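> Take a look at the letters that make up each chain.
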Amino acid sequence: AVALTGKPSSFSTDEKPNSLEEITNYNNFYEFGTGKEDPVRYAAAMTTDPWSVQIDGLAERPGSYGVEDLAPDNALEERIYRLRCVEAWSMVIPWIGVPLSSVLNKAGVQSSAKYVAFETLNRPEEMRGQSYPILDWPYREGLRLDEAMHPLAILATGLYSDPLPNQNGAPIRLVVPWKYGFKSIKSIVRITLTDKQPVCTWQKMQASEYGFYANVNPEVDHPRWSQATERRIGGGLFGGRQETLKFNGYGEQVASLYAGMDLAKNY
Amino acid sequence: MKRRFNDLLRRLPVWAVWLAGLLPLALLIFDTFAGNLGIDPVRDIEWRLGKTAFYFLIGGLAVTPLLRITGISLMKFRRAIGLLCFTYAVLHVSSWISMEMGFLWSQMAKDVVKRPYLIFGMLSLLILIPLAVTSNNLSIRRMGGQSWRNLHKLVYLAGPLVALHWIWALKVFPVTPGFWLLVILLLLGARLAIRRPLGRGRAKGLKITN
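Protein chains in written order, with our numbering: chain A, 201 to 467; chain B, 1348 to 1557.
Hint data in this document are derived by calculation from the structure and do not stem from the laboratory. Keep in mind it's a predicted model, so treat the numbers as computed, not measured. Keep in mind that a hint or two might mislead.
[Stated by the list, open to error] Below are the SDA-like pairs computed for lysine to any residue, each with C-alpha atoms no more than 25 Å apart in a straight line:
id, chain 1, residue 1, chain 2, residue 2
1, B, K1398, A, P423
2, B, K1518, A, R424
3, A, K236, B, L1528
4, B, K1423, B, T1434
5, A, K446, B, D1458
6, B, K1398, A, N225
7, A, K396, A, P294
8, A, K446, A, P294
9, B, K1461, A, K216
10, A, K216, A, Q442
11, B, K1461, A, S426
12, A, K396, A, D336
13, B, K1461, B, L1508
14, A, K216, B, D1391
15, B, K1518, A, T401
16, B, K1423, B, T1481
17, A, K404, B, P1463
18, A, K446, B, M1448
19, B, K1461, A, Q406
20, B, K1398, B, V1364
21, B, K1500, B, L1545
22, A, K236, B, L1517
23, A, K216, A, P363
24, A, K446, A, E237
25, B, K1518, B, D1391
26, B, K1518, A, G440
27, B, K1457, A, P423
28, A, K306, A, D346
29, B, K1457, A, E419
30, A, K404, B, Y1464
31, B, K1518, A, W425
32, B, K1518, A, M405
33, B, K1500, B, M1469
34, B, K1461, B, L1504
[To be verified] Here are the in silico distance ranges between beta carbons for each label pair:
id, chain 1, residue 1, chain 2, residue 2, range
35, A, E260, B, L1529, 28 to 34 Å
36, B, T1481, A, M461, 52 to 58 Å
37, B, S1441, A, S311, 55 to 61 Å
38, A, M461, B, G1536, 34 to 40 Å
Quick reminder that beta carbons are idealized off the backbone N, C-alpha and C, glycines included.
Just need the whole structure built from these sequences, with the hints factored in.
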């Protein structure tokens, strides 16, 4: 595939990104199995071309959009973001993509829309994990409209200078860096503008452990483990742990979205 | 057949079991230095040590049912199997303290009493410590056979706890530890259901109890 380039962005962190090998060989993508190595092993079976994204619901111009319509080459930006997994590990990833707001504006947001729902491809014959009832397929996630329109939220189509590898959610995925990784839904086939809070797969499965917001928050523990600290992948055997930052360090940009909300209740 | 097998086992020295039992550790050390571990070597080291400890624990629990059902005796090796389990369990916890938690004592202290998977894991370790410490002839003599046996029955509790430790550490219900939990419960059930070796004359058994 052709190399991708994205314009540098002031939203990028200057922390050292993880290597392409680390980012593409250690993934949670349960559609291909629950092991961290399952996605790299099995994701090649997924057909990503042709691909279209259905945008529907409260959109002015609903319809089927191609990846290149949503993320044209000349609009691509490089966004080097921290990624914090709910399992208390983290990485730094140089994504290439476009602001989610640009995509939503392309489809036109009706004034009654309050939320955005996303859906991953459901194709068990190419995604072997979907043959097992590990999760309620297809994988679904959602954002409040103001979260979705925030300039930090992007749809990524590339990684380093490569088109997005399948195991990382090809051909197009969400990246919301201030939320736990599972919110950043992969291999999106459907985006729905809606006035109701969307169903999210993990929240539906275990609401006591996974909330709708899922903002990175060291003060609110996951019931099974503490969220106070994290281990950076690639830190070596004795790299130790670092403190987890509220909103994954993006508080300055996003904290105002949650003004007045009790984040211990709305976790 | 059974006799020939037991003769063979009788001639196998205990140190051979120790040697074989330490092979997974040697392999892990080799893989670590050869760079054969995955993207997150810390997790791989921690998991491999933990799984090996767990499998030795199940092995130890299988010795008596195996003897009663098939007549094959691994009794001579049971202490080595138990101590190997303890060795791997200590290494597993050490890797958690040093590599996973980076010696963050305050967080560890808070987590150990709060997180179910850590409570299950630490309880199993606490159980294994006195068992390991008394795994020598002197202790058996000092304690007396009956109270030593009673103490070592605590391992029946450690088995299921370790399985729960593994199950609770993951986000979705994992098949492998679920399977081993079932195996452990079957092994414990076999102890209750089959009180004495199968295939021995009933009359003889009765004579003994009378």
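> Kindly indicate which numbered hints from before are broken by the structure, ordering the numbers from low to high.
7, 9, 24, 35 and 38
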